[in-house]
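J.: Position chain F against the provided structure of chain C, taking the given hints into account.
Protein sequences appear in the order of chains C and F. 201 is the number of the first residue of the first sequence in the working numbering; add one for each residue after it. 6 is the number of the first residue of the second sequence in the working numbering; add one for each residue after it.
Among the hints, erroneous ones may be present.
Said to hold, decoys possible - Just a few of them, taken from the derived set where beta-carbon distance is under 7 Å, the chain C residues facing chain F:
hint : residue
1    : Arg513
2    : Thr515
3    : Trp568
4    : Pro571
5    : Leu630
6    : Met633
7    : Glu820
8    : Phe833
9    : Phe834
10   : Ser837
11   : Thr839
12   : Lys849
13   : Ser851
14   : Trp854
15   : Phe856
16   : Ala862
As the list claims (entries may be wrong) - Lysine-lysine pairs mimicking BS3-like chemistry, simulated, CA-CA at most 30 Å apart:
hint : chain 1 : residue 1 : chain 2 : residue 2
17   : C       : Lys776    : C       : Lys755
18   : F       : Lys113    : C       : Lys270
19   : C       : Lys761    : C       : Lys813
20   : C       : Lys502    : C       : Lys467
21   : C       : Lys327    : F       : Lys157
22   : C       : Lys761    : C       : Lys841
23   : F       : Lys113    : C       : Lys303
24   : C       : Lys812    : C       : Lys756
25   : C       : Lys756    : C       : Lys714
If you're looking for bench data, these hints aren't it; they were derived computationally from the structure. Heads up, the beta-carbon is just placed ideally off N, CA and C, and yes, glycines get one too.
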Amino acid sequence: MSRLPDAIARYRLVIFALFLFLPPPWRVTTSAQTAAPAASALKEAPVPGMPLSVHVVAYQIDARLDPARKSIAATETLTYHNLTGQPLAVFPFHLYLNAFQPKSTFMTEVRLGGTRGTGPQSGWDPKHYGAIEVKSLEVVGVGDLTRQMEFIQPDDGHKDDHTVFQVRLPKPVPPGDDVQFRIAFHEQLPEVLERTGYKRDFFMVGQWFPKVGVWWHGAWNCHQFHSTSEFFADFGTFDVKTTVPANYILGSTGDPVASLNNPDGTKTVTWHAEDIHDFSWTASPNFHLVEDSWTGSAGTVKIHLLMSPGHLRQTRRYLHSLKGTLDRFDRWYGPYPYDRITVVDPPHGALEAGGMEYPTLITGGSAWWEPRGLRETEIVTEHEFGHQYWYGMVATNEFEEAWMDEGINSYAEAKILDSLYGQGQSAVNLLGMTADDSGILRMEYLDEPDTDPMARFAYKYMNTSAYGGITYGKTATVLLTLEGLIGEDTMRRAMHTYFMRYRFTHPTGEDFLKTIEEVSGQNLRWYYDQAVYGTNILDYEVLNIRSDRIDWHEKKPPPAKEGQTLYRDTVLVHRKGDFIFPVEVEVKFSNGERLREHWDGRDRWIRYTYEKKARVISAEIDPDHKVLLDRDFFNDSKTEKPDSRATRKLSTYWLFVTQGMAQLLAWFA
Amino acid sequence: MNIGIIRGGAGLVWRRQSVLWWIFAVNLLLALAGTLPMASRTGAILNNSLESAKLVHGMDLPALAGLAMDPSHPLSSGMPALGFAVVFFVFMLFIEGGVLEVYRLDRKLTRAEFFGACGTFFWRFARLVLYSLILLIPIFLAAQFVINRSGKLARDAAPPMAGFWFEAAGLVIVLFLLMAVRLWFDLAQVDAVREDERAMRRGLRRAARAMRGHFWRLFWVFFRISLAGWVFLAAAFWVWVRHVRPESIRASCLLSQAVLLVWLGTRLWQRASETLWYERQSPLPAPAPSTPELSPAQPSTLEPGSPEPSPGLRPDQVQNLASTASGAAKPLENERAF
Numbered sequence: 201m202s203r204l205p206d207a208i209a210r211y212r213l214v215i216f217a218l219f220l221f222l223p224p225p226w227r228v229t230t231s232a233q234t235a236a237p238a239a240s241a242l243k244e245a246p247v248p249g250m251p252l253s254v255h256v257v258a259y260q261i262d263a264r265l266d267p268a269r270k271s272i273a274a275t276e277t278l279t280y281h282n283l284t285g286q287p288l289a290v291f292p293f294h295l296y297l298n299a300f301q302p303k304s305t306f307m308t309e310v311r312l313g314g315t316r317g318t319g320p321q322s323g324w325d326p327k328h329y330g331a332i333e334v335k336s337l338e339v340v341g342v343g344d345l346t347r348q349m350e351f352i353q354p355d356d357g358h359k360d361d362h363t364v365f366q367v368r369l370p371k372p373v374p375p376g377d378d379v380q381f382r383i384a385f386h387e388q389l390p391e392v393l394e395r396t397g398y399k400r401d402f403f404m405v406g407q408w409f410p411k412v413g414v415w416w417h418g419a420w421n422c423h424q425f426h427s428t429s430e431f432f433a434d435f436g437t438f439d440v441k442t443t444v445p446a447n448y449i450l451g452s453t454g455d456p457v458a459s460l461n462n463p464d465g466t467k468t469v470t471w472h473a474e475d476i477h478d479f480s481w482t483a484s485p486n487f488h489l490v491e492d493s494w495t496g497s498a499g500t501v502k503i504h505l506l507m508s509p510g511h512l513r514q515t516r517r518y519l520h521s522l523k524g525t526l527d528r529f530d531r532w533y534g535p536y537p538y539d540r541i542t543v544v545d546p547p548h549g550a551l552e553a554g555g556m557e558y559p560t561l562i563t564g565g566s567a568w569w570e571p572r573g574l575r576e577t578e579i580v581t582e583h584e585f586g587h588q589y590w591y592g593m594v595a596t597n598e599f600e601e602a603w604m605d606e607g608i609n610s611y612a613e614a615k616i617l618d619s620l621y622g623q624g625q626s627a628v629n630l631l632g633m634t635a636d637d638s639g640i641l642r643m644e645y646l647d648e649p650d651t652d653p654m655a656r657f658a659y660k661y662m663n664t665s666a667y668g669g670i671t672y673g674k675t676a677t678v679l680l681t682l683e684g685l686i687g688e689d690t691m692r693r694a695m696h697t698y699f700m701r702y703r704f705t706h707p708t709g710e711d712f713l714k715t716i717e718e719v720s721g722q723n724l725r726w727y728y729d730q731a732v733y734g735t736n737i738l739d740y741e742v743l744n745i746r747s748d749r750i751d752w753h754e755k756k757p758p759p760a761k762e763g764q765t766l767y768r769d770t771v772l773v774h775r776k777g778d779f780i781f782p783v784e785v786e787v788k789f790s791n792g793e794r795l796r797e798h799w800d801g802r803d804r805w806i807r808y809t810y811e812k813k814a815r816v817i818s819a820e821i822d823p824d825h826k827v828l829l830d831r832d833f834f835n836d837s838k839t840e841k842p843d844s845r846a847t848r849k850l851s852t853y854w855l856f857v858t859q860g861m862a863q864l865l866a867w868f869a
Numbered sequence: 006m007n008i009g010i011i012r013g014g015a016g017l018v019w020r021r022q023s024v025l026w027w028i029f030a031v032n033l034l035l036a037l038a039g040t041l042p043m044a045s046r047t048g049a050i051l052n053n054s055l056e057s058a059k060l061v062h063g064m065d066l067p068a069l070a071g072l073a074m075d076p077s078h079p080l081s082s083g084m085p086a087l088g089f090a091v092v093f094f095v096f097m098l099f100i101e102g103g104v105l106e107v108y109r110l111d112r113k114l115t116r117a118e119f120f121g122a123c124g125t126f127f128w129r130f131a132r133l134v135l136y137s138l139i140l141l142i143p144i145f146l147a148a149q150f151v152i153n154r155s156g157k158l159a160r161d162a163a164p165p166m167a168g169f170w171f172e173a174a175g176l177v178i179v180l181f182l183l184m185a186v187r188l189w190f191d192l193a194q195v196d197a198v199r200e201d202e203r204a205m206r207r208g209l210r211r212a213a214r215a216m217r218g219h220f221w222r223l224f225w226v227f228f229r230i231s232l233a234g235w236v237f238l239a240a241a242f243w244v245w246v247r248h249v250r251p252e253s254i255r256a257s258c259l260l261s262q263a264v265l266l267v268w269l270g271t272r273l274w275q276r277a278s279e280t281l282w283y284e285r286q287s288p289l290p291a292p293a294p295s296t297p298e299l300s301p302a303q304p305s306t307l308e309p310g311s312p313e314p315s316p317g318l319r320p321d322q323v324q325n326l327a328s329t330a331s332g333a334a335k336p337l338e339n340e341r342a343f
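Next up, chain C with everything else stripped away, as it sits in the complex:
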């Protein structure tokens, strides 16, 4: 999901290659069953025709869209393979669309803390009403259990929330056995919000079918739908039929395998996808289809770009960003094993559907007016594609550890955008103004730096802003700082190892952190405790630099001579925040000499003293700019002589604004 919650669609995307080194299926595991596979699995080649993931679920859905009523009538057959190692009698299901009702937990949280584009001041708007109603639920071999269904609220006990229901079977499903559910449901789509819904004749159908929870760590994991949380599901196969008016153009997760024109003026397209854990689709009569391809280490990937009217001039930007991202992910982290990626460009007014990820389908975000120097389209495309790895294949629990998909993905986003568009200008390069993506992510973090630790359930953050700032911004900044600590190459190897080891599984935060320790060969717990599990602020400052002549006490000392007069130079460095981090300090002297000092930062301050025939002219903490977590870069250095150019420049601009405002007002005199 896009990292910032408002109008113009945001960040994300990427793409990739294939799978040369997939482990054989019997070695692929889920966290529900075992720990990570052995590192040797990374080198094992895939077995053609064998699944990449453990297929826990198999969905067959037949859906018919009613464009006039903005509704969908569907039937679903879910086959669940009980691989939990124990009998299961109770099965919880998500009904996400019921979140879009005024009394739901989701809307209550939106009212309190806002969410994507729906701020706390927003009232309830009936056009955003959405609902999913289960008409019938039958268990094959057992019979109709519709009356056994009951809504549950595992997170907050809020009885009006109907986003999760459970059904109790009369007889448990033994370990290793299958159970088949047949569900008929009807849903009313909202006007697009929170990634799903309609806008005029555009439909983005996501989180739309009854989806079973995940048996994880010995219990069902099936959270309610919250304003700041995303999703979590098991891998499996999807065979989905979508029936829409014949003139509609469709896009979907997976590959189209059949298309049939019906006598009633509709068409039915059948889709198949496997080794994925969610399924979404889109339909509109106005899409302009752009087809392209990219070839990586795992073969050719078809690119299916559905552009909306008025945005066609942004097509090249989508493709450039997408192909560049595919290339970097393939080379840096691992192959993209699917043969297709579909990118949806939402039409104007439907940006709430933009900036979202589903397996093999992502939504971007662009506008007809967007100048080239403002790389919103590229960032969104990169970010959302990146989720094919961090969410799609490495399927972490987005409810409980949102930093693992959004944050790790934001880190990758910063690295890839730097690589594609240049450091210092990867996000903005417009009219002399520049911004790099990592800088923007850092600013997001600094907006709410210490309210919550990264390792917090998504829906338990103080508010939406804190969720966004910490989950996206802080995580990316923490990982960029970590990269500075262990080295870029090591970090890349660690990310590659993490991806290859945990793809098609449900790893935890600890799995990720331990992988980095393992690859780097360093004990990083001290860093994780502060950065991931803590809320301490990292802020170092150069408090003072000073050069005193050694002969200062003499009544008439000789005139100072460059290179001859002896000085006692002091540099005072202070750890202003509570976050302890080792730092480098670079001291420059008037004779051109530079000294690097290393400080472990454990004490509150340190003073460096030198006796030299030179004055200290500047001192700088973190001269290589590796510690992005530092809250204030301006106090990281101090110079002997002031340089007022920046002040004068800003003042000049402000003077202009003030004078202009005054003249504008005087126009009415």
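T.: Relative to chain C, chain F alone:
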């Protein structure tokens, strides 16, 4: 006639350019006073920091945001500077009478004459501002409606550009209405100065009558002068983006001040042109026989001791000048003049 009016207005501004420089100086000084607190606070953070280079050799937005997030809020300390805009508004309201008098007479005024005119017309013009609100408030409401409606169209209408075109068209109309109202009230001010009118509603009626039948010609004059200011702004912006290096603060400063000077100049150009047009459009009746006859060829300035008044003087002013010429009152030869 239009070209003549525009040229004549430009000539008037050029001849009386001390007015322009004085107003510009006040505009600059007030803004400087407002900017100093911000400069002081940002200086405390930036001047001894190596990080400030990011704002010198370019405009790094994260660095700027980092500065804004500093606990001392250095950038928000610039906000009070906007209060100086209000002071400048009052200042302009005050000197407007003097400026129009200078343009009407097309001669240097003594300080006493200038500020006398300022004081005479200040409250009258203040009343005009209040009257103008009766028209401006609905126009601003219309602008708000256009913006809201265009936002809704941008979200809901099928054509992607519908919202944009609605907003563009709507704001053009709003701009036109604003300019039309401004033009009308400008003429009312010119009329008030010329006729020494105390009843501003009567002045507004007279200005409306004067505009009748000439509106489009007059508006075209007003618009073309505005256009000159906008074109200069666009050109300056282009030069700034393309040819001014980020660290060249002096060039940026000069360019931005040139833009402000031109904006101010175009506004005064409009006032001078309106004055000229009004004088030509509604010549004063011939003076009473007891007053000295006006010469057909009028000097552009009135030198002390000269008996000939400028065209368009009110009878009381003609009388004053006649008295001055006969020695009844001595001119203040050494007083600074506008």
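J.: Does each hint fit the structure? Answer for all of them.
T.: The hints, checked one at a time:
1. Arg513: violated, 11 Å
2. Thr515: violated, 15 Å
3. Trp568: holds, 6 Å
4. Pro571: violated, 13 Å
5. Leu630: This hint is violated: Leu630(C) lies away from chain F, its Cβ roughly 10 Å from the closest one there, beyond 7 Å.
6. Met633: holds, 5 Å
7. Glu820: Nearest chain F Cβ about 6 Å off; hint holds.
8. Phe833: Check passed: Cβ of Phe833(C) comes within 5 Å of chain F, closer than 7 Å.
9. Phe834: Hint on Phe834(C): holds, closest Cβ of chain F at ~5 Å, below 7 Å.
10. Ser837: This interface hint holds because 4 Å falls under the 7 Å limit.
11. Thr839: holds, 5 Å
12. Lys849: Hint on Lys849(C): holds, closest Cβ of chain F at ~5 Å, below 7 Å.
13. Ser851: holds, 4 Å
14. Trp854: holds, 5 Å
15. Phe856: At about 4 Å, which falls below the 7 Å cut-off, the nearest Cβ of chain F leaves the hint on Phe856(C) intact, so it holds.
16. Ala862: Constraint on Ala862(C) satisfied, holds at 4 Å.
17. Lys776(C) - Lys755(C): Roughly 39 Å separates the two Cα atoms, so the pair is violated.
18. Lys113(F) - Lys270(C): Roughly 75 Å between the alpha carbons, so the hint for Lys113(F) and Lys270(C) is violated.
19. Lys761(C) - Lys813(C): Distance of about 9 Å is within 30 Å: holds.
20. Lys502(C) - Lys467(C): holds, 23 Å
21. Lys327(C) - Lys157(F): At roughly 14 Å apart (the allowed maximum being 30 Å), Lys157(F) and Lys327(C) satisfy the hint.
22. Lys761(C) - Lys841(C): holds, 18 Å
23. Lys113(F) - Lys303(C): Judged against 30 Å, a Cα distance of about 75 Å means the pair is violated.
24. Lys812(C) - Lys756(C): Given that 30 Å is the threshold and the Cα spacing comes to 21 Å, the pair holds.
25. Lys756(C) - Lys714(C): violated, 64 Å
In summary, the structure is inconsistent with hints 1, 2, 4, 5, 17, 18, 23 and 25 from the numbered list given earlier, while agreeing with the others.
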